[in-house]
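*Asks:* Chains as they are written, first to last, in full-length UniProt numbering: chain A, 1 to 308; chain B, 1 to 308; chain C, 1 to 308; chain D, 1 to 308.
Among the hints, a few may not be true.
To be verified - No more than 25 angstroms apart at the CA atoms, straight line, and that leaves these computed lysine-lysine pairs for DSS-like:
| hint | chain 1 | residue 1 | chain 2 | residue 2 |
| --- | --- | --- | --- | --- |
| 1 | A | K283 | A | K36 |
| 2 | C | K283 | D | K83 |
| 3 | C | K271 | D | K227 |
| 4 | A | K83 | B | K283 |
| 5 | C | K36 | C | K22 |
| 6 | A | K271 | B | K227 |
| 7 | A | K227 | B | K271 |
| 8 | B | K83 | A | K283 |
| 9 | A | K271 | B | K271 |
Treat the hints as calculated values from the structure; they're not laboratory data.
Protein chains: 4
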Amino acid sequence: MDLQAVVDDIVRDLQPRLGEGKVADYIPELARVDPKQFGLAITTVDGTTYTAGDADTSFSIQSISKVFMLTLALGKAGESVWKRVGREPSGSSFNSIVQLEHEHGIPRNPFINAGAIVITDMVLAGHKPREAIGEFLRFMRFIADDDSVTIDEKVARSEQETGFRNFALANFMRGFGNLQHPVEHTLGVYFHQCALAMSCVQLSHAGLYLANRGTNPLTGFSVVSPKRARRINALMLTCGHYDGSGDFAYHVGLPGKSGVGGGILAIAPGKASIAVWSPGLNKVGNSALGSVALEMLATRTGWSVFGT
Amino acid sequence: MDLQAVVDDIVRDLQPRLGEGKVADYIPELARVDPKQFGLAITTVDGTTYTAGDADTSFSIQSISKVFMLTLALGKAGESVWKRVGREPSGSSFNSIVQLEHEHGIPRNPFINAGAIVITDMVLAGHKPREAIGEFLRFMRFIADDDSVTIDEKVARSEQETGFRNFALANFMRGFGNLQHPVEHTLGVYFHQCALAMSCVQLSHAGLYLANRGTNPLTGFSVVSPKRARRINALMLTCGHYDGSGDFAYHVGLPGKSGVGGGILAIAPGKASIAVWSPGLNKVGNSALGSVALEMLATRTGWSVFGT
Amino acid sequence: MDLQAVVDDIVRDLQPRLGEGKVADYIPELARVDPKQFGLAITTVDGTTYTAGDADTSFSIQSISKVFMLTLALGKAGESVWKRVGREPSGSSFNSIVQLEHEHGIPRNPFINAGAIVITDMVLAGHKPREAIGEFLRFMRFIADDDSVTIDEKVARSEQETGFRNFALANFMRGFGNLQHPVEHTLGVYFHQCALAMSCVQLSHAGLYLANRGTNPLTGFSVVSPKRARRINALMLTCGHYDGSGDFAYHVGLPGKSGVGGGILAIAPGKASIAVWSPGLNKVGNSALGSVALEMLATRTGWSVFGT
Amino acid sequence: MDLQAVVDDIVRDLQPRLGEGKVADYIPELARVDPKQFGLAITTVDGTTYTAGDADTSFSIQSISKVFMLTLALGKAGESVWKRVGREPSGSSFNSIVQLEHEHGIPRNPFINAGAIVITDMVLAGHKPREAIGEFLRFMRFIADDDSVTIDEKVARSEQETGFRNFALANFMRGFGNLQHPVEHTLGVYFHQCALAMSCVQLSHAGLYLANRGTNPLTGFSVVSPKRARRINALMLTCGHYDGSGDFAYHVGLPGKSGVGGGILAIAPGKASIAVWSPGLNKVGNSALGSVALEMLATRTGWSVFGT
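With the rest of the complex left out, here is chain A (with noise of 0.2 angstroms):
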């Protein structure tokens, strides 16, 4: 399979829908953003990366961090992680709150907000908000294996000044017992590591590990271990797109997590690790294009976890 045709015959099909969806508008930063761009990133378990479109740009990869906010906190914390949070999809919007109600402060999965947040207060543990975001930063480059990735600190102001949903997610669990740090500190670290600026082929290379039975084949460096990618892809697959995922794992049939920034991380297992990102949302929050563009690859490469 020449993977270079495959993503060039993508970038190209895509390229008169360019600028459909919607770009995310609640946080003021991101809704500034040309919709007309369009990455795609591919890279193989053997360390061999395929791009097309505007795979070096980097863009705000939001949610899709909490996929690695976790990894660092199953790392420190270990199963005992799921003691404050749950693994069942949600049934529900990114941000609401109602089930939080319902189940005593305890979010449903780590991929929702109110679940990140607690992640976010794990890894926070006793270290101040600095340290915490400084710890994160260093992991990111190092999976990455790409000492530019940095934080867009304009975006982690904007989302810290008009995120109050987040501020009452997290202010409902700490009366609930269920986080362990004043609530600014903990909301200071996780609208920081939402606030991460990568490319395509930057966020490729961080997800490599799960795709490639924990290790990173570009370092040769174990990130998890072999149980703990799957576990972790198969959190991705039931959680990964809110309200969406049963639809995307129906529609691509790959482990996946989706940010508002418009970028979308999905991973073959044994196979590759897959980056791409468009602006534009459809009605679930998800990148428009960029679950389009996943569809047609899973479609020409047979990569879908369930069968070819």
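For this one, chain A is given, so just place chains B, C and D on it according to the hints.
*Replies:* Coordinates of chains B, C and D only, in the frame set by chain A:
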């Protein structure tokens, strides 16, 4: 890999735990089953079947039939099925009615009771209940390649007499216009398809088309297209275990569908169809030892769809 | 105060607005009513009746009958009634099922459909449906002091054929063990008591015991104790208008019960029983002009229970 | 009727039950109160005050202040208040956030926490928090005709430090645009108005305008119009006791507002303002003995608004 050794090991290892969990008691007929039974059957895509324990004992497949009814409905109505039922995990229990009120009578997915009732209504499609039941039974015998598969009338009657919640769900959806036949007709078929009695061996044969690109290798007959087989597998993975679907994906990593009779059908795409049965259920209503057995099997075989 | 002048003024003032609101269309029989009708009848505790408009025209009292069924059930079961139904406003629409799932089949109050179905089940109490319907009809004739009160069989049948939501509620509660008779029996009685046809004059007579310490001054017969009369009035005020109860208390300030037929019964304790009727309904399902008329009446008479 | 004898009897009859219920412990400062206290004060519309027990002991009026804040907000914004808060019973607990998500940040009524926070935001109306607190304190001294009424700073601070749920509610509503000031400002005022310390005597004086057509007979000053007094009473009756409002209306039959400090203010329109206090709370969070005392009082006096 010596699969026979694997299944033998699993049955031997679980011997001391026989009787764990709680037999379903809400249907009187099911409550009478001896809880200390355990069966396992694996049929690989080359047509070989490996068995251990009570693999030839018939049990009530209950909700596992929802997979086959969906297959039938997709055959009749194609993708228009999704106008009347969703494809997302529900985030609630198998018989919840709350979601139906919030979402105007459209069930979240075909594998919760409400969704399966709508699917049954599609299969009924203007026929008499008796005809639809007959069609379903013929289909099951065809895909199991075994004419001895039958419906347990006692179980069907038992469900009919005590299934108030299902009558509530059906009437509720009828009120929203999402059932097209009299409630008694649709539920008559529904209770019968739930009451199918099969052994692990039969069930592993019946599910084989999902592991083998839509075609049953035992008979050579195509049941669905490869694409549809993938999609049904995706639905099983995200929605197959009610509010324990995320957990099953995390621990086992295979598309699966459980029933309150204690059976679970799991699919290893490209590799095998697996049926396990043990009547005791865990807290979320899935076979306790069956879930454990499948986790052991996935670990031993490396068949998880999320990586080796 | 010249009450006849008051009622004449109200009817005259509302003349230009006749036809406002929307006639209930979910029961076919009700949808056929001429919307430009309006009747008002006040019977004071000294037994005088003041009327204006279509005060002698029969209409379907619908949910207003819930007050009388509750009276009957309290007579049979006393305060033990409250083991199977609550006394709190529901905060949701008249036919919501969500609350029932969250609160294990116990309806919030006797004036939402679910609650009235449970109350009907208590009135049924081992009798045949036909007998219970007969008992209710005799009771209504007794308290209205008028043997011409009847049940409109066409309306009863119309509800029976289209009342899927009520079948859902009843089956749901039966599943929780909160109905003691077959669903068809309980609902058979329920649909008939809803279908009572009365005029404003008859209805104002029937409600008079609630305004007069439990005793009907027209006949001298005691219907309930003074304490029970107060308590039924309290329930009407907090729960009598579904999710518009707070609004009705705010604007009118009298215990009241509305029906989708466009009737409202209101009680001025110690002073009068008031019946108003106009078929057009407002957004929360209460008679649009009926509500306005009662607000005008309360203002003119100073009868609000909340002060002059 | 000898009211002094009535209040003496009630205090004597309840003597053996002192200490019943459970003192609120979620605010540390409140948890320290001696539970064996009980006070009762009735001030009739002719200005006479009848007292018994600890009627002169100050306690934290907590949510009872919501009645007075609403009075202030109506004075400033008139009926436009109802654009930002509803008038219906909530059907859920005092600090539930579920309803807010379902109804887009508009609280159900001004007597649940979320509603009172919005009302506070209206009273704040562009002023500095300190000024708004001062205005509220002056208003309370004015209507109680007593300059010794104060705010307990310790309680205010205690709530500020532990009120995570209120921070969640406020941020949530801010996210919907239903708060116009910084969350810290609005909640700063909110926590202070809750922390008002008053005795039963003072509280019965402060509420007197609601019993006397809007005018305080002690001072002769008009606080609100007769119509507005009726309407506030209506809201107290339907919404004044959270999810126990229906029960309170059923048993007591008077408009009332409770606080977790163990106080209850009840209004007998045209007759008297009643304040009762006993720290132990019942299951729904209202003073256990206070509720009993008011039921005894209503029975003895025949003051129920629902009939004698």
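*Asks:* Could you grab the alpha-carbon distance between K271 (chain A) and K227 (chain B) and see if it respects the 25 angstroms cut-off?
*Replies:* holds, 20 angstroms
*Asks:* Is the straight-line distance between the alpha-carbon of K271 (chain C) and that of K227 (chain D) 25 angstroms or less?
*Replies:* holds, 20 angstroms
*Asks:* Hinted pair, alpha-carbon criterion (25 angstroms max): K83 (chain B), K283 (chain A). Please report holds or violated.
*Replies:* Holds: K83 (chain B) and K283 (chain A) sit about 17 angstroms apart, inside 25 angstroms.
*Asks:* Could you grab the alpha-carbon distance between K271 (chain A) and K271 (chain B) and see if it respects the 25 angstroms cut-off?
*Replies:* holds, 18 angstroms
*Asks:* CA of K283 (chain A) to CA of K36 (chain A), is that 25 angstroms or under?
*Replies:* Since the Cα atoms of K283 (chain A) and K36 (chain A) sit roughly 18 angstroms apart, the hinted pair holds (cutoff 25 angstroms).
*Asks:* Given the hint that K83 (chain A) pairs with K283 (chain B), does the C-alpha gap stay at or below 25 angstroms?
*Replies:* At roughly 17 angstroms apart (the allowed maximum being 25 angstroms), K283 (chain B) and K83 (chain A) satisfy the hint.
*Asks:* Are the Cα positions of K36 (chain C) and K22 (chain C) separated by 25 angstroms at most?
*Replies:* Holds. K36 (chain C) to K22 (chain C) sits at ~11 angstroms (cutoff 25 angstroms).
*Asks:* CA of K227 (chain A) to CA of K271 (chain B), is that 25 angstroms or under?
*Replies:* Roughly 20 angstroms separates the two Cα atoms, so the pair holds.
*Asks:* Does K283 (chain C) pair with K83 (chain D) here, judged by a C-alpha cut-off of 25 angstroms?
*Replies:* holds, 17 angstroms
The structure shown violates none of the earlier numbered hints.
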